[in-house]
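A.B. asks: Here is what each chain is made of, one letter per residue.
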Amino acid sequence: MNIPYEERRRSFLSCLYSTQEILPGLLAMFFIALFSNNLAGSPNPLTLENLFSWLDAVIGPVNHQPLFQILNSNFVWNPFLMGLVIGNVFGVPDSWKRGLSLIHVLMPLGIIMLAPHFIFSHAEKAGMPLILFAFAVMVFTAVVTLVLGRALGMDDRHYSTIAGALSTGDPHVVAILMPMLKSKGGQVINALGCILLFGLVASFLLPLLGHALDMDDKAFAVLSVFGIGNTGQTFNAAFGFSYEAGHWAHYFDSVRNALMPAGFLFVFFVMFLRARMFPDDAAVTATRAHKKLPLFIVVFIIAWIVVQFHVMKEPARIAVFELVKWDFSLAAAALGLSLPLSEITRCGLRGVILTFASGLVRIAVLAACLLAAAHFNFPLV
Amino acid sequence: MNKLLASGAAAALLCLLFSGAPAAESPHGLAPAGDMPFIPDLGGLRHKAFKNQYGQQRELSEAVLVRKSSVKNGKATVPAGGLCYISETQEDAAPFRRDPFLLLGEHAYLVDSKTSVRSVRDVSLKKGEKVLVDNAGYRLWFDYATDHYDLPYIQMALIAPSGHWPMEFSVSSKFPAIKDLPDRSHMEGDVEQLDEFFLDPVFEYGASRFEVKDHDFQKATFSSLSYPVIDEATFSLSRPVVLDLRQEEYRLYGTKRIYAFRESSGFRVSVTNLGGDKILAEKLLRPISSQGYKDAENEKDAYSLTVPGEDMRVEIAVQPEWLRHSDFMPWSDAVPHDWSDGMLSLVVYRDLVTVKNGEPWPLDPRYTVGLEASLLTGKLQRLTLENAEPFTLDDKNDSYDGPVKYSDVWNRPAFRLVADDIEGDKVKSYYVRDAFFQRTDNLSFTDRGRRDIDCFIGRAPTFVSILEDSFLTRLATPKFGTEVEGSHFTSFPSVMPNMAFHSPDPTAPFGGLMRGFGREQVTNRRGERLTSSEGLVIRGSYVDWKNNRIVIPPAGLFYTSRNARNVRALNGETFYMLGRRAYIATFESTTFTRRNFDIDFWRVQPDASLHPIYWQDQPLGVNNKVLRFTEKHLLDDRPMAQINVVKYSGNNFGAPFELAQGLSREQGDRYYLHDRFAEGATWIEPEFVGEDYVRVKSFGTPAIKSVEYTYEKPVRALLAPGEEKALGKNHTLRLVSFDEAAGTATVEIRRNDGSLAKTRTLGPLNAKTRAFLPQHQRVVNSLQFAFDEGKNKVLAEMDVKTPFEKGKAAFYTYTDLKKLEGDTPFEGDPRFMVRPDVCGHCYQLNEVLLDNPEPIILDREHPRFDGPRMADGKPQFSIVIDSFDGEMIHAWHIETNYRKRVFKSANLAFQPRNNVGVLMGVNGTIEGFLRASLMERSAWQEYWRTGAHPHSERGLDAWLAHKFQ
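Heads up: the protein sequence lines correspond to chains W and Y, in order. Sequential numbering from 1 applies to the first sequence in our numbering. Sequential numbering from 1001 applies to the second sequence in our numbering.
Chain W with its partners taken away, still in its complex shape (with noise of 0.2 Å):
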């Protein structure tokens, strides 16, 4: 019998599912995230995670990094690409897609749940100067990539994921950013793999051109935090230059850290002004959706500012970041198992040229400054 919803509605809660409706689905994520990642909790050792990790240790390390770091190997990336190729081979039954939905309400309690991991005072050991500087320089990245964006016609919910995850240096942004812009799947994915891409092919290049300007281990540890971001990425150029860069860019990538939300902050309220904007316009869809300012950013904005008083200690932090490994595996495996392929090869090209044409004016901007600062004995690094 097919009891309307008003009729059902006890309260706000009646909207969501009920646990026989979602318990398939849910299982479904769960299984995937277990077998994915070692998580906070789970004796499982045969997960992918572990698989990866024995088969690096087989191939052998790249500049000193794991390979499959270097392949951006994660919490997210492993759920995901499980839940890609089940979905994909065997087809996910209908009895799922109800649990499947959760990732709606995942999506934004993890990136609640990521506010303690971005700390200001855990970047102010690299001095102001530089803090400036990287902000700069993501935010003109972010600019460069949106402008570039549009020139190419490109869907603005997917220029303005590139240009979210591109300025912060971090593909783990596409999927923060995927209900804040309410990207769609593909665009997510495709955004994420044009990241990996330029991060991949730049951390063999960089330390070519490192070395072609004769860079110090310093500046060239800056120039591979902020010219690639993506962790594993950022560490394969710098050690591929020198052992000495490779700290530094250690060191300095708590900057890239601290920063990250100002940079996904900015690409959403950007968008946001601009669908408030030109409400008219067919070709502005991101943050359409939204009819105001979503509830867990203005939740995240403000633990974020509150942990910034520290409140929350490392250890609990250490803590929630397990939590946040849970509910961003469960969320990918969702992820995964509800994209066909054929969405995200549907975005099609034009976002690998977005990302590489920014990426390299990033780049040259920066190795510039970077240049500028050496010749003038300014004191950025």
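Be careful, since some hints might not be right.
Result set (PhoX-like, lysine-lysine): computed pairs, CA atoms no more than 25 Å apart in a straight line [stated by the list, open to error]: (1) Y:Lys1396 x Y:Lys1072; (2) W:Lys313 x Y:Lys1546; (3) Y:Lys1114 x Y:Lys1356; (4) Y:Lys1426 x Y:Lys1072; (5) Y:Lys1874 x Y:Lys1904; (6) Y:Lys1904 x W:Lys218; (7) Y:Lys1479 x W:Lys218.
Stretch by stretch, here's where chain Y covers chain W in the computed footprint (C-beta under 8 Å, at least three residues) [unchecked claim]: (8) 59–69; (9) 308–317.
Bear in mind the hints are in silico, worked out from the structure with no lab data behind them. For glycine and all other residues, C-beta sits at the position ideal for the given N, C-alpha and C.
Start from chain W and add chain Y according to the hints.
C.D. replies: Showing chain Y alone in chain W's frame:
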């Protein structure tokens, strides 16, 4: 002449050619290259703790060692024995305890071993040498020689073929032996310096005995060396089958029956075929219990039945009811006594493998088995597999397989050594791949390549022994910058009330040499060259995040100055004092004695901090030293205690006291240890040595009260009677008379106005008094004339080397003397307390410490703390906090003032830290801390090199960890 030289050289060359190349030295007992790569983790080489039948924890580890290799002309050569697999237990493994042991990655149990004692006679060697003493590859190492009363005593070590040695031992044939120690149980409190200096010519160490016949400073001859060796060991590669024993009945084991018939002294165990009509083996077995003597060669046969031709060994074990069918126990400390309520079980070991020392490995004759015993207990501690023949790696043949391992799935090489890029005399790429196909990073860490393929992969404790010669250089001159290990952050501040007698955080960064902390070779009047150095240690500091501050607790910061050995008066010896060279003038020491007190065994009480609680310590006076009962063993059920004197700095006195009572070789005991201990002027005589505590009847050790020094170089004055010499600004030294035959000189000190201040006769300096030089303060004082009128303290001393010359008497004069008195504020900077430390053997100054009596607080408003001020008023060093967010320290450094310049260390919180612990400079104190944490620090060096996080259980390790739990 040139022709002569040329013909000589040609002849030598011909001889060399016709005689063949000189035989390469055996790598046994020798260290690999000092700069060899160390990789702590490779999945196939395991490092894990298991428990034996009695619940005693056994730390097991495996390693691959390559040593004495060379690269030349595109070829890498490894001599026979140069490639060595090591499986090691930190404790030991013996039959009847189901002791676990790793065999090429497989979890096995030692079920039997044949042991014997090897005696070697008349071994001679020179200082610095490591001579082979037997064909197995044991070496005797003459490390060091020093003196007391100018008589030598020597420090030695017996090195196993693998390179492991448990401890250095001191012996001497020149001093009274331990048995000559008189009864001193009447002594209590501070007593004056004692004349006797003890050192035994025999070092007794459980199953080992080393007796020196004669020696001097440069060479030594040992009349005998006795040490345990293991001739054969049998391992079981599977967990045993445990069956309830039913007397007069049989239990089925596969296709066999095992009967047990009760007899008065045990069970007659009979193994028959399935029908029970054919007896395969039969024997009267006594049940095994935990008494240690049962594994003795003449005892053990009564406790096991091996079935000929069958892969089967039967024992009867007494096991607690809840223990049956499991070899894992719920408790983790030792089980000293047998339990009273147990069940009798038949324990059947299978998959037996017997290996013999010096024989080929059963699965791979290319490798030779080595079985090494613990020198203390004589039980198995190490299994090595070494390449029997030398091998070469080159372009055509770039790998060499390790020994073939036993496996449930596929017997295959346990590892493979690969050198796949050799250019000329350099190897650019080489690595080790394990049985699971996992490999290390390229062990030639840089593009420059290496001239050898030496390496150490794995965490076997032999690593620490094998690096004794080079570890300080490895740690002090890191190739990859100042290494900083990130802290583990806790949910509570790790508060330390006082850090005296505690060692620093093992993760504290080591800054190595830094300008501003002196280190140089100095030469005394006797021409002896000694290293003098100073440093800084911060220990026990913590972030008090509840109050947004960093706290260095009392005694948490200390300045240390120390020489390579004690600093002696009358020799013009110098030491560093806050960046300046200071000349020691005189000292005041006593003997601290205690009697009738108990020392409890120290157990680590984990409190989640890196600083254990030492509540069982017994203090030796105030801020002097403490006694700590750190280790214990049962030697055939007789308790053996190891007690350490711990210095104020947190370092141990070099010689631990190994004590056990009631052991006698004459009565047939396998072990012997002295029941009392005396080395130098320190002694301990126990009333009772127990497993959990030791009651001490009498104990004594030197303590130093004060030293006097000057920054002005002492001046030699040669005076004839009536002659005088200026002694500082206000006085003159005048020789009144001297008697060369008696060795005396009468001198007087006069004021500048000519008035007599003081007269004194110095000496006598004759054979009798020389026998107590340079250590005995009574004799030292008799040769020194100190004078103090409150303005400028001065001192004159007889030149003990050449007291009389050309009809004159020789003196050294000291002016502007300063005093360092223990437990008083430092004269130059009263914020710091003086803690002089004494040599435990003699009564000389060993170390000068200056530490903070009050906590030091650093926060955002007070980010800088200046260390003790030097003579010019500037602090020798400063602690500067650059970035601190209330919880984490993100950047801080040390600054030093040196020759009017300021030097800064690297950021000592390159990775976030929750303390400002640091070791800066290099001297004996810092070296002690480094040695104690060498394995962890070296492992961290490797993580730091590649920017990796410390090894976690990932990949195959996670799988193995669970599989073998």
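A.B. asks: Work down the list of hints and note, for each, if the structure agrees.
C.D. replies: Each hint tested on the structure:
no.: 1; hint: Y:Lys1396 x Y:Lys1072; result: holds (15 Å)
no.: 2; hint: W:Lys313 x Y:Lys1546; result: holds (11 Å)
no.: 3; hint: Y:Lys1114 x Y:Lys1356; result: holds (9 Å)
no.: 4; hint: Y:Lys1426 x Y:Lys1072; result: holds (7 Å)
no.: 5; hint: Y:Lys1874 x Y:Lys1904; result: holds (15 Å)
no.: 6; hint: Y:Lys1904 x W:Lys218; result: holds (18 Å)
no.: 7; hint: Y:Lys1479 x W:Lys218; result: holds (17 Å)
no.: 8; hint: 59–69; result: holds (count 4)
no.: 9; hint: 308–317; result: holds (count 5)
Taken one by one, the earlier hints all hold for this structure without exception.
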